[in-house]
Amino acid sequence: MRRISNRTIFLLILMGVLVLGVVFFTVRFFLHAGEWVTFPGSPHVYSGSNLSSGKVTDRSGVLLLDSTGDSRVYAEDEAVRRATLHLLGDRYGYISAPILEEYADALVGYSVVNGLYGADRTANTAVLSISAQVQKTALEALSGYHGTVGVYNYKTGEILCAVTSPSYDPDNMPDIEGDQTGAYDGVYLNRFFQTTTVPGSIFKLVTAAAALETLPDITSRTFTCNGTLDVEGDTLVCNGTHGAINLTQALANSCNVVFGQLAMELGPEVLEEYAQKLGITQSLSFDGLTTAAGSFDLTDAENFEIAWAGCGQYNDLINPCQYMTLMGVIANGGQAALPYLMDRVEGGLLTSYEHGKTTTKRVLERSTTDTIAQMMRNNVVNVYGAWQFPDLEVCAKSGTAEVGEGGTSNATFAGFIRDEAYPLAFIVIVEHGGAGSSAAAPIAGKVLNACVEVLSQEKN
Amino acid sequence: MKEILDSLSQLAGTVSAGELVNGVLRYLFPVLTLVILGRCARSLLLYHKEPEVWAWLVAPNGDRLPVTHWETLLGRAKTCDVVLDYPTISRSHAVLTRYDDGSWTISDVGSKGGITVNGAATSMEVVSQGDKIALGGVEFTLVPITKKQEVIQTEVRTRAGGLIHPFFTLFFLTLFQICAAVNLALESGEDDQAILVAFGVLMLMQWGLFIFMRILRRTGFEVETIAFFLCTLGLSVIASDAPGELTKQLFCIGAGLVVFLFLCWSLRGLERAKKFRYLAAVGGIGLLLINLVFGVEQYGAKNWIYIAGMSFQPSELVKLCFIFVGASTLQRIMTKRNMFLFIAYSAMICGCLVLLSDFGTALIFFVAFLVIAYMRSGSFATIALIVAATGFGGVLALRFKPYILNRFSAWGHVWEDAANTGYQQTRSMMCLASGGLFGLGAGRGWLQYVGASDTDLVFAFIGEEWGLLMAIFMVLAVVCLAAFVVKSASVGRSSFYTIGACAAGAILLVQTMLNVFGTVDLLPLTGVTFPFVSNGGSSMIACWGLLAFIKAADTRQNASVAVKLPSKRDLETDKETT
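Just so you know, the protein sequences line up as chains A and B, in that order. So in my numbering, spot 298 of the first sequence is number 298, and the numbers just go up one at a time. Quick note: to get my numbering, add 460 to the position in the second sequence (first position is 1).
Bear in mind the hints are in silico, worked out from the structure with no lab data behind them. If you're wondering where the values come from, they're calculated on a predicted model, not measured in any experiment. We put the CB at the ideal spot given by N, CA and C, even for glycine. One should not assume that every hint holds.
Rough simulated footprint, nothing fancy, chain A against chain B, three-plus residues with beta-carbon under 8 Å [claimed, not checked]: (1) 553-563; (2) 741-750; (3) 834-840; (4) 936-947; (5) 958-968; (6) 977-984.
If we strip away everything but chain A, and leave its shape as in the complex, we get (with noise of 0.2 Å):
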């Protein structure tokens, strides 16, 4: 009998694969119990295609969305409604949200302790960082071009701004299968976060933060651009002829040749490095969005290539929200708050949610973002006009994107405001819209003062 008990092992075995089978569900369960309850499709949860997840406002605390009912309500202004489509998503599922789903178990009441117990009793409201205002303001400023604007906190890291154009009003949904005029190209797409862009002249800055950081004389140095600059047999033609100039008049003055020949001192190493040390050819990844990550590929170029890469052209690609944050590092001495969409979920007394503040890493040293700002600085000053932004301090550089052969360029304007009580830095994209600071240094305008305001009222 004790053989025959000793073999008793084998139900042991069994009882172990059991229970260790029911550990590893129970470990899976805490780990994607969320998910698994606002999955298209939950039963207590869906209604459609759509999620009941509770209500959504901006940060003044403008009523954005409400899904509790049946139905999907966006907000009560037809203007709102087109400038934060991207973000909450539409009724059919083209556009999808990917914010609302990250935080879907939040919002519609959930815990792993008590399920959706209570849940229907209870409507959680999402609180964004953007304002409806300023969502607003910027989608008119683009006035009907194709482009992007993005306004963030660099000290805190909210995103007062992230409009996507073309857009449409989810309660009047366009032909836009039919529409032959290509006024709805890529529209489904938001792209603040999903698209890259060639970044033109803006992309100097990169350049001059290389060559800050590695070429010791570099701010004694004094250059000559004749207008144009032979390359091993290629000609780089510049936007103008500007003589003797310093590093600062030639970001300025957007200087090709000089900017060109710096590239090329530096060498494809230094300039690879640094697009990867500044997050040019990372994504970024918050509140369920992963940025499209830019490019910067010196892989086999020639000279005149190189030359050319170092002023935003040849094959760079940036990506909005990104180059927004390293306005902000540059802003904020080397270092700044990550960008953020998702302020706080409220409601529930154990679901809630609350963001806790990410910073990048230190990317580049204070002396070198110091002086970086004070030529952007002298940008605003002396070249675009301290006048399109009355009694704010914006340091910014602009740029005219060459986009395929003959079309207009993209106007790109990067920056931010050196003001510790208004820390913003901004992107505008114009597809097609000429020269950057004509274009879109205007639009820049339009929004931060837009911005400016809501922050003084907040502070009031």
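Keeping the supplied structure of chain A fixed, place chain B upon it in accordance with the hints.
Chain B alone, transformed into the frame defined by chain A:
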């Protein structure tokens, strides 16, 4: 704090009585369960093992070696039950067997030195008080205990249920049932009467059985309490999902109890039980053949037959027959080492089930077969060989009939096709998650709208309405039964009982495993029932039958109705004389 008060006052105005009751009960149920299962587990798993002495073997040097089983292996090896360290005695020498009537035999199990009883060489011989047994020339005498000693032993051993009284455990279970019934009735609306009556009948059954056991002087009720606990969960699933089937389920619990008592009675006498084997062998095959001929396909498997409007799954009852066929006495195991007939019988059963496309049940039988085969042979190598051969056969079968694979195509990635092939599993996990740890409340789930939710997906059903904690308790209840089998194996009377209990435990474990893991996509969904919980009559009856085998291995004093006690008359005459 203000928030909490606000929400409380807000709730008080809008919440119905049902919701208020549920709000409290959903936290009370896991506590009650912990008490019920905790008491059962402590009683079943932490009792002090007291071996029964059936005889003494008197060695040449005068030592009296206690014989503590009905089947005792004698030999030189350390794994023998009575270790006889004499050079002429083989490692496994002989088996000493006691019979129901108190007579004894000794059989040679392939020793070198052989056996003589009173000088005559033998391979198997009856031995009685004073006979001289020589093993390899070393002489022993057997001194069986007298009736009087047996009675004293009965009085002296600790009674089952003495420390943790089953009465109170059952009382807590009744409390649980009353709360569950009230909670379900408040939510259900028009079916409230039926639900209250059904739970009332269940309580009557369990107290009836308890009192009946008391009359039979049996004080161990933990195993039955666990079964009734699981039945309670099963009944509340049906109350939530299909109140019309409550009567049927209660009827089947009743039928299960009858089968349970009948099997306990038949297992009480080992000779009687051994006779049952042949009947069971024929019955098992017969049932499956009837199934093959008259079976009706339902949910992809042809394992149903209809008799007078009642649907029935014969394969469930074959489980009981299979254990009878597989279990074997030590004397037989040690002398007839090959298991050819048993292997052939198992292959036949599994073959029939595969023909019926009932792969889940085939797998259960296969594992039960492995457990029995290992218990009888003790050889992992043999088991590995059998598994490898079967696996090879399985691969061949899939190669020639690839459509079988389609049934398992969703396994492991149910979320990728959540609306079609993964529908049942993904809804199960969504609902499990919706329930959290404490559940939405009995009768308040959604999973009932998914097909087979009260049988194949019952783990998720309980998870949604009662919470993950309860679903885990449900699994632990089954584990507790199996653990008790392991614990009591070393004080078992006969290997027939130990093997039977192990096979029953293994079947319960594998069924639980296939059911739970299928629901949560750790294994393919095979449509196997959860013991005692799933809605299903044949399954319920079979589970109670399996429980009888576990009861038959329970040798705690006065614990089990499947274990014989000295008759009342013997006890009384003992009292008169002392």
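Taking the hints in turn, this is what the structure says about them:
Under the rule that three or more residues need a Cβ within less than 8 Å of chain A, the assignment of the region 553-563 of chain B is violated, with 0 such residues. Chain A is given as covering the region 741-750 of chain B, and this is violated because 0 residues of the stretch bring a CB closer than 8 Å to a CB of that chain, at least three being needed. Only when three residues or more bring their CB closer than 8 Å to a CB of chain A does the claim for the region 834-840 of chain B stand; here the count is 3, and the claim holds. With 6 residues having a Cβ less than 8 Å from any Cβ of chain A, the region 936-947 of chain B passes the three-residue criterion, so the hint holds.
With 5 residues having a Cβ less than 8 Å from any Cβ of chain A, the region 958-968 of chain B passes the three-residue criterion, so the hint holds. Look at the region 977-984 of chain B against chain A: 3 of its residues bring a Cβ nearer than 8 Å to a Cβ of that chain, three or more, so the hint holds.
Consistency note: the structure conflicts with the earlier hints numbered 1 and 2.
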